[in-house]
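A.B. asks: Given the structure of chain A, go ahead and fit chains B, C, D and E with the ligands onto it with the hints provided.
Chains as they are written, first to last, in this note's numbering: chain A, 6 to 227; chain B, 6 to 227; chain C, 15 to 254; chain D, 2 to 217; chain E, 2 to 217.
Some clues are possibly wrong.
[What the hints assert, rightly or not] Okay, derived cross-link-like pairs now, EDC-like style, lysine to aspartate or glutamate, Cα gap no bigger than 16 Å in a straight line:
#, chain 1, residue 1, chain 2, residue 2
1, E, K8, E, D64
2, C, K95, E, D190
3, D, K89, B, D82
4, E, K163, D, E196
5, D, K167, D, D200
6, C, K126, A, D82
7, E, K163, E, D200
8, D, K174, D, E196
9, D, K89, A, D82
10, D, K89, B, D83
11, D, K89, C, D188
12, D, K163, E, D190
13, D, K163, E, D55
[Stated by the list, open to error] Not the full set, but computed from the structure, chain E residues with beta-carbon under 8 Å of chain B:
#, residue
14, L54
15, A85
16, D125
Since the hints were derived computationally from the structure, they do not count as laboratory data. C-beta: ideal position from N, C-alpha, C; glycine also.
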Amino acid sequence: MFAAFTAMLIRDMRMGFRQAADLTLSLAFFLVAASLFPLGVGPDPDVLATLSAGVIWVLALLSVMLSLDRLFQSDYDDGALELMALSEAPLFVLVLAKALAHWLTTGLPLVALAPIIAVLLNMPAEGFATLIIGLLLGTPTLSLIGTIGAALVLGARRASLLTALLVLPLYIPVLIFGVTAVDAALAGLAVRPHLLLMASILAAALPLAPWAAAAAIRAAFQ
Amino acid sequence: MFAAFTAMLIRDMRMGFRQAADLTLSLAFFLVAASLFPLGVGPDPDVLATLSAGVIWVLALLSVMLSLDRLFQSDYDDGALELMALSEAPLFVLVLAKALAHWLTTGLPLVALAPIIAVLLNMPAEGFATLIIGLLLGTPTLSLIGTIGAALVLGARRASLLTALLVLPLYIPVLIFGVTAVDAALAGLAVRPHLLLMASILAAALPLAPWAAAAAIRAAFQ
Amino acid sequence: MHRFANPTRFLRISNAVLPFAAIGTVILVLLGLYYGLWNSPADYQQGDTVRIMYIHVPSAYMAVMVYGIIATCSASLLIWKHPLAELIARASAPVGLAFTFLCLATGSIWGKPMWGTWWVWDARLTSVLIMFFLYAGYMALSNAFDEPGRGNKPAAILALVGVVNLPIIKFSVDWWNTLHQPASIIRLDGPSIAAEMLTPLFLMMGAFTTFYLTLLALRLRSEIAAARLRNAMMTGQVEA
Amino acid sequence: MVEFSGKELSSFRGGRLVLRDLSFSVRGGEALLLTGPNGSGKSTLLRLMAGLLDPLTGTLFRDGVDVTEDAEAHRHSTYYFGHAEAIKPALTIREDLQFWRGLNQADTDLEEAISALGLSEQADLPGRYLSAGQRRRTALARLMVKGADLWLLDEPSVGLDKASTKLLSDLVKRHQDSGGMVVAATHVDLNLANETVLDIGQFAVDPGEALSFSGV
Amino acid sequence: MVEFSGKELSSFRGGRLVLRDLSFSVRGGEALLLTGPNGSGKSTLLRLMAGLLDPLTGTLFRDGVDVTEDAEAHRHSTYYFGHAEAIKPALTIREDLQFWRGLNQADTDLEEAISALGLSEQADLPGRYLSAGQRRRTALARLMVKGADLWLLDEPSVGLDKASTKLLSDLVKRHQDSGGMVVAATHVDLNLANETVLDIGQFAVDPGEALSFSGV
Ligand code: HEM
Ligand SMILES: Nc1ncnc2c1ncn2[C@@H]1O[C@H](COP(=O)(O)OP(=O)(O)OP(=O)(O)O)[C@@H](O)[C@H]1O
Ligand SMILES: Nc1ncnc2c1ncn2[C@@H]1O[C@H](COP(=O)(O)OP(=O)(O)OP(=O)(O)O)[C@@H](O)[C@H]1O
Ligand SMILES: [Mg+2]
Ligand SMILES: [Mg+2]
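Excised from the complex, chain A in its bound form:
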C-alpha cells in the first residue's frame, strides 16, 4: 500500500521534474506571468499592492490548470491508467499520490516563489505570512479538486464534460478565501477564520476528491 504510494509519487515526480533545472523553469514562468500584470495595469505601486494577492492566486490557479490535463489524460491514452486500476494498490491511494506529485511540481514551487513575486508587486510585508499559509492550505486543495475534473473528462462524453465544468466553481471558494485572508491581514483584521475555513476545505477534499476521481476513472473504462 505505502510502497505503491511512494512508487506512484516517485514516478510522477520523475516525469514532472527530470532535473533541478526544471525548478528554475517554474521560477521563470511565474516571473514572466506575474510581470504581465504591472505591464497591463500600470506600474503604480499602490494599485499593484491592492492587486498582488489576487494576482498571486490567479497564478496559482493558472499553474494548477496548466498541468491538470496531464494528470490522467496521458496515462489514459497510453493504457497506463488501466494497468494502475488493475494493480494491487487501491486506485484511491494512487490518485492521492498523483495529486501530491502534482502539488509538489506545481503548487509548492509557487509557494516558494510567492514572496519574490509579492515583493515585485510591492505587497506590504504584513501580508506575507498570511499569503504563504494561505497558499500552503489552498494549493493542495486546488490539486485535489483538480483530480476530479481531470478524471471526469477522460470519458470525453458530453455529460462528463459538463460535470467537469461543474467542478471548476469548487475552486472559487478556495481562491476567494485565499485573497480575502491576505486583504484581512493587510487591513489588520483577524485572518484565522479565513485560514481555518481553507484548512477545513482541504480536510474535506483530502478524502472526497480521490474517492470521486477513482470512481470517475473506473467509469471511463466502460
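C.D. replies: Leaving out everything else, chains B, C, D and E with the ligands in the frame of chain A:
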C-alpha cells in the same frame, strides 16, 4: 492548397467542439480568474475601472496560453503531424489553418465574454468598443505567436511551462497596445494609432509565425 | 561532411585571442574606472549619479550586440548547418543574459534618482525586459530535450523570432516619447555628450567587449572539447 | 486446481451489441486462444475478463465463485496485457519496471526480467527512444514483475521479432507449468502448450445486424 | 522506369549510431522487404526514406537525382505508413479519410476506399470505438486517398486478421502492377510480388558497441 486549408480547418474545429473540455476550461479560467479581482481591490469602482482593461487583457493572454498545447501536441503524439508534414499541402498553410481554428475556438469566445467581464469590473462604457476591436485585432496575433511556442516545445520536458515562458514575452507588445488603446478611449484620446499598431503586428505575425512554426515542427521529427 | 568540420583551426584562433582579450580587459577596465570615477566631470544636473552611465550604457550595448551575434549564428546554423555557429550561439547566451541583467539593474538603480522610481513600463525598458526573457527562453529551450543536440534548431528559430525585438529596443526612444534618454552617442549629427564623458564611456565599452571575447573563448574551449569527443566517436564509427 | 470461467456473457459497446451468450472456461496450466476477425470482440472479452468492463449480461467465476464478490482478489491475481503498451517517453525501462513492481508490491528481480527479455542494452534508455518491438518487450517484462496466476494477453506477439516471439511462448509455457492460466487473443499462431481455441467470430453479432441496435 | 535508391546511409539516434553505410535500390513494380530483429533500424530507415529524418551521412536518390533537391516533390509522391495510426478518438473514419483526402488534394472515391478495407459498417464510428485492427485498416485506407508512387510501410500487417492481410497484399500488388514502388518493414511474411529482402541486421551497430556512445 485552399482545399487543404479548409480540410485542416474543418477537422480541427470538429475536434475542438467534440472534445470541448480544454476549450471550455480556458474560458472558465478567464471567468473565474476575473471574478477574483473585484475582491482583492475592494468595492471602490474607480480603482476597478482603471484596472479593468489591464486585467481583461492579461487574463485573455493567459487563457489563450492555457489552450496552446492543444495545437500540435496530440497530433505529434499519435503521428498525425508526421503525415501532415508529408502531405501535399505546405506545412505553412496547415499551421495557418490550425491557428485560425485555434482562434475561432479560443480567441473569439474570449472576445464574446470580454464585455461581461468588463461590466463585472465596471469599466466605463466608452471603453467597450475599443476593448472589443482591440481584442479582435489582438487575439489572432496571440494564436499565431502561440503556434511558434507550441511547435518549438514538441518533444521537450515540461512542455506546457516552457511554452508559456517562450510565448508570454512575445505577447507583451500586444498586451501593451491593447491596454493603452482602451485607456486612451477612456481618457477621450485618439485610439486609432494604437489599433493601427495592433493591426500591423497582426499583419507581421500572419506570415512570420506560421513560417517559424513550420520550421520548428520539421525540427521536432529529428 | 562539414557537419563534422573539425574546429581545430577555429580553436587555435580563439586560443590566440584569449590572452590578449584577457589582458586587454584588465587594462581597459582600470583605465575606464580611473577616467570614469576621477577624471571626468559630474553632470551639471545629474551630479555623480551620471557615473552609472559608464556601466549602464556599455552593458546595454553589449546586451543588444550579443543578441545580434546569437541571431546571426542561429541563421547560419539553420541555413548552412554550420557547426561552429551553434557552438558560439550556445556559448554566448549566458553572457548576454548577464549583460542584459546588468543593464536592467544599473538602469533601475539610475532610474531611482533620475525618475524617482525603480521601474517604469516605457518602451525602452519593456523591450529590454523582453530581451531578458528571450535570453532565458533561449537557454531553457536549448536544454529542454533529453537528446544532446536536439535543442539547437528550436532554440535557433526562437532566437531569429526574437530579432524583431532589437529594432524596438534601439528605436523605442525615438518612436515613443519615453522617460529614457534618446540616443546621444550614435547619432547622425555626432555625439551630444561632453567629450570628457565620452572617453571613459568608450574605454568601458572596449573593456566590456574584450571581456565578452574572453568569456566566449573560454566557453568555446569546453564546448568544442565536448563536441570533438562526440564527433570523434561518431565519425570513428562511421569509418569503422 | 484453479479455474476461471464465464457464463452467457454479452457485451454492449459503442452503442451496439458486440458479444452474445459467450461461455468459456480455463483451468490451471491451460491456455485459451481467442481467434476471430477484426472487430469480432476479442479485446472486449479480455477487458470483461480483466474487470475493466462490466458485462451486459452473464457472470465470471473464479473456482466457481462470482468474481464480483471479491473484485480486489480477482484484480490482484490477474495480469492484463492490452494493445496499449503504457510506455512513458520520459522514463527509462528500468524506472518503468521499478514503478510497476512497486505498484504491485512484488519483489521480483528486475535485472532478471530485463535480461530475460533481452533489454539489457536499452534498460537505461528513455521510452521515447525505444523501437516498436522494444516497447512491446518492455510491456511483456511487466508480466514478470506482477505475480498473477491469470494472464490475459491481447495479441502479445504483435511487433515482436522471431527471437522475442519464441521468448514469449517460453514465458507463457513457464507460467503454465507453474499452474498458471492464460487467455490470449491472436491472429497468428502462438504455439502454446495444451491450448484450446475459442473462435469469437461465432458469438460476435455481425455488424450488419448489430447496426440495427445502434439506435438503442 | 522510376527508381528510388540510397547510398551509404548512416543514422544517429538517441545518442548512438543505429545504421551504418546502408545502400539500397527499388524500381517501379518492385518491393523491398526490410527484415531484422527489434531495434535493428527498420523504422529508422523508413523515416529516413520518408524524409522525416536527416541521415547522418549518405544520400537518397529518385531516378538518380538527390531527393533533397526537390523535397516537395519527393514528399508528394511518397506515402509513409508508420507504427502510429494517427486515429483521432473524436473523428469518424469517414471524416478522417475526408480530411486526409483534402490534405492531399486527391479526388479518390471515399466509399470505394472504405469498402475496399471492409470498414463500411464502422465508417461512421468515432475512432474511440475502433478495434485495433479497424484502426490499422483505417490507416491503410489512407493509402488509397493519396496517390503516391512510393509506399513506405512499417509492419503493415500488424494487428490485421487473415482476411485483411490478404486484402493488404492485394492492395500492394495492385500498386506494384501500376508501376508503384514499395518498401516494407516486417517480421512476418507478406508474400508480395517480386520482392527482394534486405536484412537490416547486418548494417545495424550492435547495441553493446553502440552503447559506449550514449555517455556523450
Ligand atoms: C531599467 C532601466 C533602463 C534600461 C532597461 C535601459 C536600457 C538601455 C539600453 C538598451 C540602452 C542602449 C540602447 C542602444 O543600444 O542604443 C541604453 C542607453 C542609455 N541609457 Fe538606459 N536604460 C535604463 C535606464 C536608464 C536611466 C535611468 C538613464 C538615465 C537617466 C539611462 C540613460 C541612458 C543613456 C544616457 C544611454 C545612452 C544613450 C545612447 O547614446 O544611445 N538609462 N539604456
Ligand atoms: N471503447 C469502445 N467503445 C465502444 N465500442 C468499442 C470500443 N472498442 C471496440 N468497440 C467495438 O467493439 C467491437 C469489438 O472490438 P474489439 O476491440 O473487441 O475487437 P477485436 O476482436 O479486439 O478486434 P481486433 O482483432 O481488431 O483487435 C468493434 O466492432 C468495435 O467497433
Ligand atoms: N526517436 C528515437 N530517438 C532515438 N533513438 C531511437 C528513436 N527511435 C528508435 N531509436 C533507437 O534506434 C534503434 C532502431 O530503432 P527502430 O525503431 O528503427 O528499430 P526497428 O528495426 O523499427 O525495430 P522494431 O522491429 O522493434 O520496430 C533502436 O535501438 C532505438 O533504441
Ligand atoms: Mg483487439
Ligand atoms: Mg519499427
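A.B. asks: Give a verdict on every hint.
C.D. replies: Hint-by-hint comparison with the structure:
no. : hint               : result
1   : E:K8 with E:D64    : 13 Å, holds
2   : C:K95 with E:D190  : 41 Å, violated
3   : D:K89 with B:D82   : 12 Å, holds
4   : E:K163 with D:E196 : 20 Å, violated
5   : D:K167 with D:D200 : 24 Å, violated
6   : C:K126 with A:D82  : 54 Å, violated
7   : E:K163 with E:D200 : 25 Å, violated
8   : D:K174 with D:E196 : 11 Å, holds
9   : D:K89 with A:D82   : 11 Å, holds
10  : D:K89 with B:D83   : 14 Å, holds
11  : D:K89 with C:D188  : 52 Å, violated
12  : D:K163 with E:D190 : 12 Å, holds
13  : D:K163 with E:D55  : 30 Å, violated
14  : L54                : 6 Å, holds
15  : A85                : 3 Å, holds
16  : D125               : 14 Å, violated
Hint violations for this structure: numbers 2, 4, 5, 6, 7, 11, 13 and 16, all remaining hints satisfied.
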